[in-house]
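The listed protein sequences correspond, in order, to chains A and B. Under numbering that gives the first Met the number 0, think of the first position of the first sequence as 0, with each following residue one higher. Under numbering that gives the first Met the number 0, think of the first position of the second sequence as 0, with each following residue one higher.
Treat the hints with caution; some may be incorrect.
Claimed, not checked - Quick list of in silico lysine-lysine cross-link-like pairs, DSSO-like style, CA-CA up to 27 Å:
#, chain 1, residue 1, chain 2, residue 2
1, B, K316, A, K220
2, B, K365, B, K316
3, A, K6, B, K400
Derived from the structure by calculation, the hints contain no laboratory data.
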Amino acid sequence: MRVELTKRSDASPLFSIASPFIALLLTMAAGVIMFLLLGKDPITGLYTYFVQPLLDTWSLEQVLVKATPLALIGIGLAICFRSGNWNIGAEGQYLIGGAFGAAIPVFLPGVDTWLLLPAMVLMGMLGGALYGAIPALLKTRFGANEILTSLMLVYVAQQLVDWLVRAPWRDPKGMGFPGTPSFPPGGQMPKLWQYADAHYGLVLAIVLAVVIWFVLSRTMKGFEIAVLGSSARAGRFAGFSAKRMTIFAFCVSGALAGLAGIAEVSGTVGKLDDKLSLGYGFSAIIVAFLGRLNPLGCLAAAFVLALTYIGGENAQIAMGISDRATRVFQGLLLFFVLASDTLIQYQIRVVRPKPDKPSQTHQPHSGPIQGRGSGSPQGKVIASAGQTEMNA
Amino acid sequence: MSADEPKLLETKGLTKVFGTLFANDKVDFDIRPGEIHALLGENGAGKSTLVKMLFGSLQPTEGVVEWRGEPVSIPSPSTARRMGIGMVFQHFSLFEALTVAENIALSMQPDVQTSQVAERARELSNQYGLPLDPYALVGDLSVGERQRIEIIRCLMQDPSLVILDEPTSVLTPQEADTLFETLFRLRDEGRAILYISHRLEEVQRLCSRATIMRHGKVVDICDPREETAATLAARMVGAELQDIRPAPVSLDAAPVVLSVRGLSLAPDNPFAVALKDINFDVHAGEVLGIAGIAGEGQGEFFSALSGEVEQLPTGGKIELSGEDLSALNISERRKKGAAFVPEERHGHGAVTGMRLTDNMLLARHKSDQDSFQSGGGLGVIVRSAIRAATDRVNAAMDVRKGAPDPNAGSLSGGNLQKFIMGRELDRQPALLVVNQPTWGVDAGAAGHIRQSLVDLAASGSAVIMISQDLDEIFSIATRIAVIAKGTLSEPTDAAKMSREAVGLLMTGQAADGGQVAA
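For reference, chain A alone in the conformation it holds in the complex (with noise of 0.2 Å):
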């Protein structure tokens, strides 16, 4: 008995919604299997990564607090990829995002009005797309690999960043500490009622999503999306450019990062500091995979991941389990994801070997292959087909 995947002729309905699900559930039930490794109470451990967060209002006000920076640089992640882009260094224009727009309260520091906080971030997400511009370019000019280029600017950002809150930009009354003034009130993101901590980043997430659902879904530039990631060659007969498509949807999603970074710089922390290198642009990815590239599902997938970053401190404090389990669950979550989109386009069949047929016949002088027969692996046919380009 072996198992099989055969292709689907069309994509399953019921395991494109599912899909997430089944890889929530396989993500768990690896938890399981790591709690018990470290000797802890799975259910114990479950209960504080998954549902305490939601249980008290602090606590699942933290979660809307990083389900912000996620879902707004998922959704341009999601753009990215549904164009063929791979786009590995959201960390990076989230950072510059975050640079550009604290600039101006830095360079400006006496001004207040109403203007300042929608010139911060519109710098921030011109920063962000700038910084996405850099891997586009190398990759439609010199055809550099994306991949690597955009994670290497990561840690070019990260350094840049790090230098301009120790040095040039540090607060001199900041009792030596890295980071910038804090902003003054008219640079920071208002929150979403009195003494909270979440704040209207989260309103421009949702309000996004929506807009660019629509844009994906029912408009010409979404479809011309479609088109040149699934085939560049017919996307050029349809007359869209893959260069031109590669530079945009870097600069979408490198200004969706950068709005990410001036968020949580003007409305979290209210200044640049050191310490907004947190991986939300790497935990992005899964949002954005988890989300099925969907900018409303990706919203729904933030939340989940946002989940995982409290119920991991959670259960840093109760259980004594490291932080490092959060990266752990993030990582599982992404493998299994990736796996149950298989199930999409394939289906799982299981193959019995068939019992005596007549074309197995004894045949005298094939000795030492004979018992191949009709048995042998389909998998091994079409390598042996393959290589004499069978194509009859």
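Starting from the structure of chain A, add chain B where the hints point.
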């Protein structure tokens, strides 16, 4: 050969099931020593499946194969070779950087010396009239010579049965003649030859028996010499095919639709063919057939006309009804009234993972912008209009599909091609450029597609049809030009062209000033 001679190979009730599809359904087939036996059928009739089972690369679900009267199992191609079954594939598997002898030696036992192989190859090539230098690099050889390597490689095993899959699809008529002489010699030595082809005239010339398959079943076994091409085709398709006749046009009176002058295009990659100084006119109401063997610049020629090329042609002018198209991209050319159907359906003419309505939008989003898009600059897609156009095309072209709006990839080759062709015809273009319109398409769909090209021309449009199939060219082209090594011969009235003349042009003799491509 006589009927009472013992059968070399026979199948009884051979069946192969893929999922729910009976690719072969109780196939009874036999072949005797010293006969050239044709296996005829449309695409998807089950010819490949049968041959793959005989050559050991597929295993039957049911049924028996008998070899020299004894039941056998053929678990792998190497077993088939050892038994004495050799196969020459349609697509070659040769290493271009190695010599002929080295390529042959690769398929033999590891302890065989290349020099011995070379000597044996030379003997065989003399014996069977297949001139070939064993020490030549494969990369320097023509397609016909490469096929000879495959044949000699097959003969090295001294096979009793030789299977040839569409051997002439890559050859010029002259090269095909040489191949036929070799096949007759092999037959006279008492070897059996199984000849797979859809070219009925060749089959009538070569074969003394033909097994005709349709929908996985053997529908007839006959002597093709006693049939006409029309009766054979009718049995393959299961219905009488309509004869297609081009509408006669008087070219002097008809206005020029497309005029190309001095078109040159530098290759954009090491494998591309450069286009050199191409000049021609296409008139309203005519089908200009562009013949040529594969890889002589057809793809580049198509891209230069469609405007898909990244860089603009280095020289020359393309004018459509007096308007210069040279600097326009494909969408702008479409808006001027041109339409294009590329050779490759999957991933070029259509996106397989997208629905037919999306594929409608793919080629017509600019030309039909007014009805397919709304919301001004927002480009909001109007699904209902696209759906209506898709339904219209599917009805006009008789596109058979399993769902109202299926993925393009789930359609058979013929139905997808009918959809792609219909998508362009539905616009009533002033100019249609089509590359290999019936490549890999079953005979029924091919007839439909050719008829629609003729009808389009008859309605006053100009059609450029690039095709490797000479039968197709001669059946519908008004004038014929030949592309060879990136140059195009002077278009000539089809009535004044013979197959031999086209064949000579295909070898590039005219273009190269008499230098013979061996």
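Results for each hint:
1. For the suggested pair B:K316 and A:K220, the alpha carbons sit about 32 Å apart, so the restraint of at most 27 Å is broken.
2. A distance of roughly 23 Å separates the Cα atoms of B:K365 and B:K316; the hinted pair therefore holds under the 27 Å criterion.
3. For a cut-off of 27 Å, the pair hint linking A:K6 to B:K400 stands: about 18 Å separates their Cα positions.
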